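If you want the building blocks of each chain, they are given just below.
2 protein chains.
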Amino acid sequence: MAKEKKLVQSITARDEDFAQWYTDVVREAKLCDYSGVKGCLNYLPNGYAIWENIQQDLDKRFKESGVENVYLPVLIPESLLQKEADHIEGFAPEAAWVTQGGSEPLQEKFCIRPTSETLFCDVWSKTVQSYRDLPKVWNQWCSVLRWEKTTRPFLRSREFLWQEGHTIHATYEEAEERTLMMRDIYYNFIQDDLAIPLITGRKTESEKFAGAQDTYTVEALMHDGQALQSGTSHFFGNSFPDAFNIKYADKNNELHSVYETSWGLSTRIIGAIIMVHGDDDGLVLPPRIAPVQTRVIPIAQHKEGVLDKAREILDALTAAGYKAKLDDSDKAPGWKFAEQEILGIPTRIEIGPKDIENGQVVVVRRDTREKIVVPIDEIATRLSEILETMQKEMFERAKAFRDERISSATTMEEMGRKFSEKPGFIKAMWCGGEACEDEIKAQVGGMTSRCIPDEQEHLSDTCVCCGKPAKHMVYWGRAY
Amino acid sequence: MAKEKKLVQSITARDEDFAQWYTDVVREAKLCDYSGVKGCLNYLPNGYAIWENIQQDLDKRFKESGVENVYLPVLIPESLLQKEADHIEGFAPEAAWVTQGGSEPLQEKFCIRPTSETLFCDVWSKTVQSYRDLPKVWNQWCSVLRWEKTTRPFLRSREFLWQEGHTIHATYEEAEERTLMMRDIYYNFIQDDLAIPLITGRKTESEKFAGAQDTYTVEALMHDGQALQSGTSHFFGNSFPDAFNIKYADKNNELHSVYETSWGLSTRIIGAIIMVHGDDDGLVLPPRIAPVQTRVIPIAQHKEGVLDKAREILDALTAAGYKAKLDDSDKAPGWKFAEQEILGIPTRIEIGPKDIENGQVVVVRRDTREKIVVPIDEIATRLSEILETMQKEMFERAKAFRDERISSATTMEEMGRKFSEKPGFIKAMWCGGEACEDEIKAQVGGMTSRCIPDEQEHLSDTCVCCGKPAKHMVYWGRAY
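Quick note, the sequences are listed as chains E and V, same order.
To convert, count from 1 in the first sequence and add 147; that's my numbering.
To convert, count from 1 in the second sequence and add 147; that's my numbering.
The set of hints was computed from the structure by calculation and includes no laboratory data.
In silico DSS-like pairs for lysine-lysine, Cα to Cα no more than 27 Å straight-line:
hint, chain 1, residue 1, chain 2, residue 2
1, V, K210, E, K456
2, E, K210, V, K177
3, V, K450, E, K398
4, V, K398, E, K472
5, E, K472, V, K207
6, V, K398, E, K177
7, E, K273, V, K296
8, E, K185, V, K394
9, E, K177, V, K273
10, E, K177, V, K394
11, V, K210, E, K472
12, E, K207, V, K207
13, V, K210, E, K207
14, V, K273, E, K185
15, V, K398, E, K478
16, V, K296, E, K256
17, V, K210, E, K210
18, E, K398, V, K472
19, E, K470, V, K210
20, V, K456, E, K210
21, V, K283, E, K177
22, E, K394, V, K185
23, E, K283, V, K472
24, E, K478, E, K501
25, V, K177, E, K273
26, E, K207, V, K470
27, E, K394, V, K177
28, V, K478, E, K210
29, E, K210, V, K207
30, E, K398, V, K478
31, V, K394, E, K478
Just some of the chain V residues that point at chain E, by a computed CB distance under 10 Å:
hint, residue
32, S182
33, C187
34, S226
35, L266
Here are the simulated distance ranges between beta carbons:
hint, chain 1, residue 1, chain 2, residue 2, range
36, V, G481, E, E215, 23 to 31 Å
37, V, R279, E, D280, 56 to 64 Å
38, V, N392, E, F548, 45 to 53 Å
39, V, Y319, E, S531, 39 to 47 Å
40, V, A463, E, T274, 28 to 36 Å
Computed from a predicted model, the values in this text were never measured in an experiment.
Glycine is no exception: its CB is placed at the ideal position from the N, C-alpha and C atoms.
Make a model of the complete structure from these sequences and hints.
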């Protein structure tokens, strides 16, 4: 058993050093690694396959809501980026600039897109004329680049993959409705498919996207008690479109401004999957998003009939629509178990000579290690129940953990004490002032306002920080 | 009928000015347009949806053959690009260079990937050690950038979308087999799904990819008689991997070189779809790749019951799995017909008061304008036959056109005469010398060797150009 021990020992215990545990899981599950360009990732097959499943599921939800996909250029002329003042201020410091094309220096430099609001507005400024041209509900799946100083796999890298949706509408109401609709799509997708419980609400003024009027967010809690912003949806009002002079003529031929939204979700979410569900033995993937749902592992595969039976089971599962694989390598079963666990494959199916005698297989759940004996001829029907139960219980477990990590506080002392005793979200009343946000951040372990939730509670009359009358209840947390 | 006339008149007749016709179709079908960065395209919803379908179909074929998808960085350090001599020579002149990150100049400049052989080899040089690590059969869907001087929508642009597959293998034979396997996948995909007939074979020395040992190609013939290289598959041998010092230990722990392949297909293929199938009224999309397969168009929709019935038909078609849309806008039916034709939607379903009385609809095929009367309650079953027949006939028609444009020649005079009388492919014998390729290009309307086909014919004993003994029969053509 030396080999599988070595495999597992390569992962630091989660409670011992969470950051090191995270790095170890990413490496051992072969999800991604750093490339030769500092801070840029290679998304390897195991990691990219998760992103492909996220794309597929989310894109289906987008299209059902009327979204059309496009692809706009990777380069943005400097003059275009400068058109909206808050925007250039927010993004110029971390842009990468192309100054040479072929052997010649360029007359105007181009940045690699850090986000594409300006490109979408540029297209619309040339093509939108009448109310008949509205709304535009566009999205693109692409990579963006931001010249970050410190980076961590999936959580913060210079180049990352995401989708960015951009829309324009004839009315304020329609744009606001779209902003919330996309927030809800993220919320449902992440809870249903990734089994990650969320809190949601509006961002405060200081945490909003550069140039946005309102930013809505969905926020998840990682196993170390830190928060991860997992998807955002922005309502821009007219500021961006007006800067680009996008106007439409109504039925009476009168010109009006349009209302804009944008919304995005990135490969950061893979970091959330790891940090919400992973354990000391590696990754644990929710069945609905797992690229491989089960791995068939033969025991004593040199014995007659074992490999044949294992292949038969694989074929039956594949025919029934499961994403199933067979590990018929020459490694020992213990090693194969450890590897399947590190990779987070939701179930394994053990089949050996004794199982064949008894006409059964043993299904082992990755999350609980529960062993479920199933008659061989029922495996294709029973496995879907097992996977659905696992999906449901993974969400419930994560939610119980998260709920247990939500406290409330009415004084700074209480806030600090509770956060150090039990890191997580803290609910507290807030006056609406940025100075209090700064004060809380400085005094309480770097906590920032995560959101002003839709569902408000009245915890006290006054701001937890300054004691002035409170305007909102806010979820606070230390964020990745 | 003024409006629909205007719509159609916006497209130049194909036989009058093919280049202008092409530009008009791209614009009027709203497939793509130029962005603010010279030579870079905006892929608009109608064009990008075609690419999404291409991706989906081709990716399925890839995965069935064992391909895994990854994503490697958009940036390549200059030092990495320089590792293989032929490669840097081929790509450096058209690379775009990033020299500034944030506010600081970079110590080493990075180019935006023009292709990613160097990045894939870099990953493998760090991770491949043993025969157990082989083969690697990886692919990525991404954009690449080449600083071209002249550009045309889809056919040649600075940034374009493609997939690039890269693989390494323990043996020469396995790598060669993979090279041909991917060529065959392109061949079958383009013929089956895009209804475009192909010729295929090896490239001559001068037409090969920079650094490749063999390049296989699939070549299509456009309606103007010019050829379009539609997909290529390269066999590299050891040169690239050796330059990156990728070695594997076999079972006896002896070190060996690996054998590499790469293969790609780009958004150029959308240009081929347009130029093979399009007509004077616009785009004609093969049903299997069309984002919308049918558009339901009500006649006299203000009359009671018409819109209801049209919606009923739409619902039945959607429920049956068709990609169907309804045009219930306030435009006149003639305008709607013209628009559906410009967009290349394979069929329209006309439904008016008289049709309802007779319990029927009229299906109109985009390619032939054939009108097919179908009982309303049979439309969901009958439409698939109509679409399949259309797909088959589009291929047969394109093949008949292409076959009619294949000539053979045994003298330069004959070659020149036949190409000017009937532009297309010309089969002719060749000595194997680059000088003769140059001579043919100079003398016969810019014709280049398109490929040395697998199926050789013996047309004569001597090279069409120099009269020395012939080595191969070659397909010649003027290429986009």
